[in-house]
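Using the sequences and the hints, build the whole thing.
2 protein chains.
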Amino acid sequence: MKIARRKELIQAGLGNLRLDLLIENIKIVNVYSGKVEPGALGILNNRVVTPYSFGYSAKRVVDGKGMYALPGFIDTHVHIDSTLLTPEQLSTVIIPHGTTAMFADPMEISNVAGIDGLKALVASHEKLPYNLFIEVPSRVPTAPGLETTGGELGLEEVKKVLKWSNTISLGELDPSKVLGLKEEYLAKVEVSQKLGKISNGHTAGLNEVELTGYCCGGLSDDHECVDYSDAIRRLNLGLSVLIREGSSERNLELILRGVLDAGIDTSNLMFCTDDKHPDDIQREGHIDYMVNKAISMGLSPIVAIQMATINAARHFRVDHLIGSLTPGRYADIILCNSLEVIEPFSVYFHGNLVAENGKLTVMLPPLKYPAFLYKTINVSKGKDPHDFLVPANGQKVKVWVIELVPDQIINKRNRAALEVNNCFVCNDIQGDILKLAVVERYGKNGGIGITYVKGFGLKRGAIASSVSHDHHNVVVAGTNDIDMAICVKAIEDMQGGLAIAEGGKLVDCLPLPIGGLMSDKSSLEVIGSLKRLNQHYRKLGGVLNAPFMSLSFISLPTVPELGLTDMGLIDVHKHELISSFIPND
Amino acid sequence: MKIARRKELIQAGLGNLRLDLLIENIKIVNVYSGKVEPGALGILNNRVVTPYSFGYSAKRVVDGKGMYALPGFIDTHVHIDSTLLTPEQLSTVIIPHGTTAMFADPMEISNVAGIDGLKALVASHEKLPYNLFIEVPSRVPTAPGLETTGGELGLEEVKKVLKWSNTISLGELDPSKVLGLKEEYLAKVEVSQKLGKISNGHTAGLNEVELTGYCCGGLSDDHECVDYSDAIRRLNLGLSVLIREGSSERNLELILRGVLDAGIDTSNLMFCTDDKHPDDIQREGHIDYMVNKAISMGLSPIVAIQMATINAARHFRVDHLIGSLTPGRYADIILCNSLEVIEPFSVYFHGNLVAENGKLTVMLPPLKYPAFLYKTINVSKGKDPHDFLVPANGQKVKVWVIELVPDQIINKRNRAALEVNNCFVCNDIQGDILKLAVVERYGKNGGIGITYVKGFGLKRGAIASSVSHDHHNVVVAGTNDIDMAICVKAIEDMQGGLAIAEGGKLVDCLPLPIGGLMSDKSSLEVIGSLKRLNQHYRKLGGVLNAPFMSLSFISLPTVPELGLTDMGLIDVHKHELISSFIPND
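Just so you know, the protein sequences line up as chains V and S, in that order. For the first sequence, my numbering assigns the number 44 to the initial residue and increments by one for each residue that follows. For the second sequence, my numbering assigns the number 44 to the initial residue and increments by one for each residue that follows.
Do not take every clue at face value.
Put simply, identical chains are the same to the list, so a pair is met inside one copy or across any two.
[Claimed, not checked] Calculated pairs, DSSO-like style, for lysine-lysine (alpha carbon to alpha carbon, straight line, at most 27 Å):
| no. | residue 1 | residue 2 |
| --- | --- | --- |
| 1 | K617 | K50 |
| 2 | K237 | K203 |
| 3 | K45 | K225 |
| 4 | K502 | K532 |
| 5 | K582 | K548 |
| 6 | K78 | K336 |
| 7 | K203 | K45 |
| 8 | K402 | K70 |
| 9 | K439 | K497 |
| 10 | K50 | K202 |
| 11 | K170 | K102 |
| 12 | K170 | K202 |
| 13 | K202 | K237 |
| 14 | K202 | K45 |
| 15 | K203 | K162 |
| 16 | K50 | K203 |
| 17 | K237 | K50 |
| 18 | K45 | K237 |
| 19 | K426 | K532 |
Because the hints were derived from the structure by calculation, they are not lab data.
If you want it as structure tokens, here you go:
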């Protein structure tokens, strides 16, 4: 803060300077004491000046009508660039739910377009109606040598971004870098520590000894716990737990049930969404959804609010800026009528009313993304059905199958025996064994990786996406090669997007022209398109809640057990390419 | 940590490298989960590798005999240079009590000898058997224009020290600088925030509005709460509370009783000593004393331990280094047999046994202090009894009296009517109104400030000290001018120390030749001398528990209500010099 501004704040605190705003007649949830106190909130510039009303005068006085005032909620780990919306448009869905701080790891745009992409994504951060803090992507690409990406962030780029004032941490570092003793990544952790910042972990699927080795790497937390057993093992090793509820990663209930039963200390627990599509946010909520679910499970409302606010701010070392409604912090405030079910009535950001009654009340900054981000898809393979043919000898082959785990990001390594017809492997649509392909899209080498997937449930057609973690090549799953090719072609034509095809025709699509990741349309339009796409998917036999989210994760080469990139099938534990065919025993 | 060391740690975590030490058969207090788990502690280099025993081999295995293992305790705010001991010698009294981290504000030596003094004090920090982290003195001198000091720390010096790797915060910034909108000090807070570090507060005696204004200054905590009402008001304003038990500042009971009764969240509470003499540490303990007292008052042992460990580490943003027994953190460990009364049996620091059964088990680094620190006392006034004469007209005068508050650092502004004899004001020994003087000792201007004090209880003689906060001129309280002069002379002869005189003779003394603050002798010798001095004091009628600690604070010009410096009597609230005489109404 500029010294002149600091002086004004102190003067205002002393009652010597008129406040901008005084919200009177409220009950303040104090996350430091854990108590609710009647009071007021005095605001100057963008900060809280006082929780008291006595003796203060203000340019504007608002009657809080006895409502509760809570600090704005914090999403501690989110890939803003995998919500399908721009940071600007995201405001319309998260702000009405009371989220006023996003700790965002812009890994996706960095994989597509490197540090220039990252800069472009966060360029609007000072104009947004929420705090956008950066978790610097630690691993771009995620799986060097095992995937093709558009951009890279080396040690020097990471150092540079770590020094930005709105950077709060080194983003999720996956185990292979740490356990593989990769110098570049250990150096990134070291730089972050020297700058007083934490390093976020990412520990899906590690056994006890691997987890121990990983923790020795200097990481501070994990957001990949799927149940209580995962969570308590992380806490025992000194990792804070960022409990996650995304579109297809549902971890809260299984973790919190155990926390409540065992009476675990909650001060190292907080919330995140990681990856949540806007239709799901609109339908059920954002961090408020997690807070309410926790309360409904028996957690004290104050403790749930602490998890969504001060716990997060303290862990990320920004408790002097956000996480509480106390002097000097940003005036990010939720007003609501009940603590049993928290429904934000008014939301203030930096002292300004930004949402009321579920609706955004401010204009968004205009979208301004550089031209290079609109031209990122250049596909060679995958537009011709023949590209998807898998030749084989004999009458049957045994293949590895990536089996989806409903509502989780992890998958299972399964196996199937598939028929061979006319020297090519057939899908087993009855058995829900579909073909899965990842097509290189950066115009670099025209690669294609093909394997099999179980869990999508399609009986006809194909679906595809240019959002496919973390490399963001084009991923496509289908019952037949013709519809798969149509989807890929459509995605190139749109320069990124989601597509669904059936009977040799494109059925529906959602263009995502910004980096092939984000729409340049309003959240309402995107949500409408997503709902329509999901309905089409279900008409084709689909069974998943968030099929395009699941599709985007199926290719991830760092989350167990299998991944698929443009280079082929990945054994995540071994961090190596393997054949889709199972060798004869 | 060097990358090579980090790699070793990870390798050890994976079981690929032999540990230095494995402490087996223990029950680990996990401060993250709040639970006790059976386990082991594997250590490599100076760090914890694992809380598990499975599969690990070690060069040395120790049987923990079923004992509890807790993280070493943290003193969150201490003036190491006002313990009378050097940092080296301090080890012998704190380590056996389980304190393995001192967050030290070396304000005293900085007032005496500036940044060179500070550097000399902490020069041994890498060789000490405890972690010495620096809270950078924010206000040297404490009361510019109202006192004479030997050194100063301006914005540039503070910036420099804030960048050191073992610096954790900007040290206690007193209200006058913040509420007075002093640019230099607000800039120090800003620099600290930019470096990702917190700024410690110091808010004794502020009313609600002043406190609010102060909090707007960007401070993070306070260690000056004397009771629950103080503490809850700080928490409400977003200040963490560093609960203090020093030699003459006893705040724990009054704060904790209220915390327990009201069910206040404890995650923003931690412990400190601020100023505690080695005889008191030896007699009752250090942070362990506070932990045990808290447990005896009804706090859960785990919560008390959290307050002494992780809460402190997290608040000061060093939870990646200390505060828990988890991978990657320093192996600072207390082993003890009970959690009901915690008596450290073994203490490990950085993986090495440093105390057992109440005794230090390691050699201390040799004392190496530069010559300039041994030559800091140069007194003009005060060696001649006439210097203490206070001339007055009439038969009686009304004077301001600094009245001690037992066991607290604050004092009361009282008044007395004193007789005038032969044109000079008389003490009122029956009424315990003694003369108090502060003598300039840096050879700069030969100033002397004189007023009156109540609470020492002396019936004969005088006591004096070259430790007198924060300017550290020579402070002397007495029943007569002759004994006062003898004390001052003795302190100059010793180049610093404590002295007690009676009947025109020096009765006893303790030389403190390092900066006039610290002894170069062993802790045992210092404790012996202190006990003897205290006995002499009591023989002369004294009633205080820690008279030299009380004496050292009586002159402080920043703690209400009155202070006394070499320039005269200070109205702390108004931050200005006032006459000792009360004008006629």
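### Task
Hint by hint, work out which the structure violates, then give me just those numbers in ascending order.
none
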